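Chains as they are written, first to last, in my numbering: chain A, 1 to 240; chain B, 1 to 230; chain C, 1 to 258.
Hint data in this document are derived by calculation from the structure and do not stem from the laboratory. Take the hints with a grain of salt, since some may be wrong.
What the hints assert, rightly or not - Calculated cross-link-like contacts (lysine to aspartate or glutamate; reagent style EDC-like; alpha-carbon spacing at most 16 Å):
(1) C:37 x C:230
(2) C:28 x B:125
(3) A:177 x A:120
(4) C:188 x B:6
(5) C:216 x B:128
(6) C:116 x C:91
(7) C:221 x B:89
(8) C:118 x C:147
(9) A:177 x A:201
(10) B:50 x B:139
(11) C:28 x B:17
(12) B:50 x B:128
(13) C:139 x C:151
(14) A:177 x A:202
(15) C:69 x C:91
All figures in this text were calculated on a predicted structure; none of them were measured in a lab.
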Amino acid sequence: MSASILPLALENVSYASNGQPIISSVSLAIVAGPSTIILGANGAGKSVLMRLMHGLLAPASGTVSWREKDMGRVRRLQAMVFQRPVMLRRSALANVVYALAVAGVPAGEREAQALAALDEVGLRHLAQRPARVLSGGEQQRLALARAWALHPEVLFLDEPTANLDPGAVREIETVIKAFDAAGTKIVMATHNLGQARRLGDEVIYLQAGRVMERAPIEQFFARPATAEAAAFMKGELPWV
Amino acid sequence: MGAIAEGLRRVLELDRELWHIVALSLEVSLSAVLIATALGLPLGALLAVKRFAGRRTVIVLLNALMGLPPVVVGLLIYLLLSRAGPLGELGLLFTPGAMVIAQSVLVLPIIAALARQTLEDAWREYEEQLRSLGARELEAAFTLIWDARFSLVTAVLAGLGRAAAEVGAVMIVGGNIDGVTRVMTTAIALETSKGDLPLALGLGFVLIALVLAVNAAAQLIKEAAVRRYG
Amino acid sequence: MGVALAAALAGFITVASTTSTEQSGLFKHLLPIFEKKTGIQVRVVAVGTGQALDIGRRGDADVVLVHAKPLEEKFMAEGQGVKRYDVMYNDFVLIGPKSDPAHVQGTKDVAVAFRKIKEAQAPFVSRGDRSGTHFAELKIWRLAGIDIAREKGAWYRDTGQGMGPALNTAAAMNAHILSDRGTWLSFKNRGDLVIAVEGDRRLYNQYGVMLVNPAKHPNVKAKLGQAFIDWLISPEGQDAIASYRINGEQLFFPNAHE
Chain A
1 MSASILPLAL ENVSYASNGQ PIISSVSLAI VAGPSTIILG ANGAGKSVLM RLMHGLLAPA
61 SGTVSWREKD MGRVRRLQAM VFQRPVMLRR SALANVVYAL AVAGVPAGER EAQALAALDE
121 VGLRHLAQRP ARVLSGGEQQ RLALARAWAL HPEVLFLDEP TANLDPGAVR EIETVIKAFD
181 AAGTKIVMAT HNLGQARRLG DEVIYLQAGR VMERAPIEQF FARPATAEAA AFMKGELPWV
Chain B
1 MGAIAEGLRR VLELDRELWH IVALSLEVSL SAVLIATALG LPLGALLAVK RFAGRRTVIV
61 LLNALMGLPP VVVGLLIYLL LSRAGPLGEL GLLFTPGAMV IAQSVLVLPI IAALARQTLE
121 DAWREYEEQL RSLGARELEA AFTLIWDARF SLVTAVLAGL GRAAAEVGAV MIVGGNIDGV
181 TRVMTTAIAL ETSKGDLPLA LGLGFVLIAL VLAVNAAAQL IKEAAVRRYG
Chain C
1 MGVALAAALA GFITVASTTS TEQSGLFKHL LPIFEKKTGI QVRVVAVGTG QALDIGRRGD
61 ADVVLVHAKP LEEKFMAEGQ GVKRYDVMYN DFVLIGPKSD PAHVQGTKDV AVAFRKIKEA
121 QAPFVSRGDR SGTHFAELKI WRLAGIDIAR EKGAWYRDTG QGMGPALNTA AAMNAHILSD
181 RGTWLSFKNR GDLVIAVEGD RRLYNQYGVM LVNPAKHPNV KAKLGQAFID WLISPEGQDA
241 IASYRINGEQ LFFPNAHE
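Bound-form chain A, shown alone (with noise of 0.2 Å):
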């Protein structure tokens, strides 16, 4: 049909804040297929990483470029689902119905949309909850349902499961999983290992704002190539 928006492609992307370096000379390629996992100590600036791929911040140098050159594709076709949810004051619906018509969605066609993206994570039966009173699972997977219905080519998600109990993090990895299933590319920050090992193809190891390593899952973990890496994945986290 309408041709990808990846490969992603950062050259030398730099980004530092109140004069403290949080990223530097990152260059990296995001390709379609693989899930990404970004995997880092608190504070290696996955979550700054995260925002500069999918456009929220600027790097102070370095270039941030797609394969599409339309940014208003560009936009539509990614979604992003941060670690503490952010629902507008309506029921749990609207905020769907609300994702959509920002979106250019037809009015005729948005409740139809959002209520299928409810049952995709289902939530069908919460529909006209408010969504601030929802539990943080309940809320996490609501923004799963809202980038759901964008049918975004590129998922980027930001510790999603932080912030929630076991049996809620089980649940938005079940969701994060059939995402990545039905095509759509899912790039996730994380510092949970197990987590990583659970949903992740392949893993780029970030560490005071570097890229040390970039390996596929099970290497990584088997053989992890700089000496930094395993002293993470032991439990050593290294002094910032």
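Given the coordinates of chain A, work out where chains B and C should sit on it, guided by the hints.
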């Protein structure tokens, strides 16, 4: 205490004249708040969301304008609407219309400045998500206004309080004409200057009771809505 | 909204007059009679004399009714008014504390009373607001041979207020004050104050009415405004003025045809 009781008794005797004064007060102040809200909320929202050169100066100016002395606003609008002034042709001086204009000018900065603060705080929470969804600045501004509507009620009530309480602006542009532009505050000023303090007090309490009632109603609506929408 | 409807029936005029005239209650008595007869609604903006004439100069009123003949004649000389008519007069009274610290009670000559007040340095409240009453007060100081601007002391309080607020201040300070009889009769907050001096011919206060000049201000409702003036000086209008009483006392004395 005796003066208050006496005042309330006198007020109840006023009947038709009092109801006309109360009705006009509500009409003028509510109209002004409506106009100021329609203009002030979007203004506050855009200021909260948009980044542009000189933004800080505009914010400081807007905050300062909250303290505009009503009598100064009255004087400026008077000079504008006087037959000898630029908008004299409109024939608005000494009419309720002039009072609405003056109070709108007075109340607009209050609503806009308070809205800006509320929405700036809200924007910190919503910005990433709304930008991620692809909402443009204008769209995001209106989404913010709707989502923060319960907090914004406070800004609107502050504006209403200011409008209902002021006398300087409406006195000058309205002329306190009996039966035409006499509102609660100008009536109180008149009775005070006539030395009829009990009546002035009585009217004062009616005014306070009115404003209290509006605020109580707003609070109840707010609480009910928060229970519903979270 | 009822206001707008009534005005639409036969029209309305704006009359700039003084606070003391309105606060005397005269308009509440007079205007319904006129409105019933002609269907013309009269909207009175009551401010100080200086401001009332100013409103006329700006063309924001159709008729001006004040009581400061020199200022009215200046208004006419500027071409701002069509013609000046005498309407009525009332009088001023010198109010003072019951305790009579300056011994002015019952004095026939008001200028003498003023001199006694200055010599006793008894408290005196002045309106200081360019009003007709203020000018009357200044005139009496001059008649007493006193340059009040230079000879005043702490006993002389220049408040810049209307008649009512100035009376409030005088009552609170137990001071002397020159007031028009009308406002005094309606004033409820008297404290220990009483009338000290009255009846001196120089205390008479002449009211004049003028139509704002439509040649200078095309928006002026000349026909309706003149109708009001004509009624005021007509036998019917003059009778209506004379019939206004407070506690049985007549306040205003019509003299349009003297």
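Legend entry - Hinted pair residue 177 of chain A and residue 120 of chain A, Cα distance within 16 Å: Cα-Cα ~12 Å, so holds.
Legend entry - Restraint status (C-alpha distance of residue 116 of chain C to residue 91 of chain C at most 16 Å): The hint is violated at about 21 Å.
Inset, instruction - Could you grab the alpha-carbon distance between residue 139 of chain C and residue 151 of chain C and see if it respects the 16 Å cut-off? - result: holds, 15 Å
Inset, instruction - Assess, step by step, whether the Cα of residue 177 of chain A is no farther than 16 Å from the Cα of residue 202 of chain A, and give holds or violated. - result: With a Cα-Cα distance of about 14 Å, the restraint between residue 177 of chain A and residue 202 of chain A holds, given a limit of 16 Å.
Inset, instruction - Given the hint that residue 37 of chain C pairs with residue 230 of chain C, test it: the Cα-Cα distance must not exceed 16 Å. - result: holds, 13 Å
Inset, instruction - Measure nothing beyond the straight line between the CA atoms of residue 118 of chain C and residue 147 of chain C; if it is 16 Å or shorter, mark the hint as holding. - result: holds, 11 Å
Inset, instruction - With a cut-off of 16 Å on the C-alpha distance, tell me whether residue 188 of chain C and residue 6 of chain B pass. - result: holds, 14 Å
Inset, instruction - Starting from residue 50 of chain B, check that the Cα of residue 139 of chain B is at most 16 Å away, please. - result: holds, 12 Å
Inset, instruction - Below or equal to 16 Å on CA atoms is what counts here, so check residue 177 of chain A against residue 201 of chain A. - result: holds, 11 Å
Legend entry - Restraint status (C-alpha distance of residue 221 of chain C to residue 89 of chain B at most 16 Å): holds, 14 Å
Legend entry - Restraint check for residue 50 of chain B with residue 128 of chain B, where alpha carbons must lie at most 16 Å apart: holds, 14 Å
Legend entry - Restraint status (C-alpha distance of residue 28 of chain C to residue 17 of chain B at most 16 Å): Given that 16 Å is the threshold and the Cα spacing comes to 13 Å, the pair holds.
Comparing the model with each numbered hint stated earlier shows that hints 2, 5, 6 do not hold.
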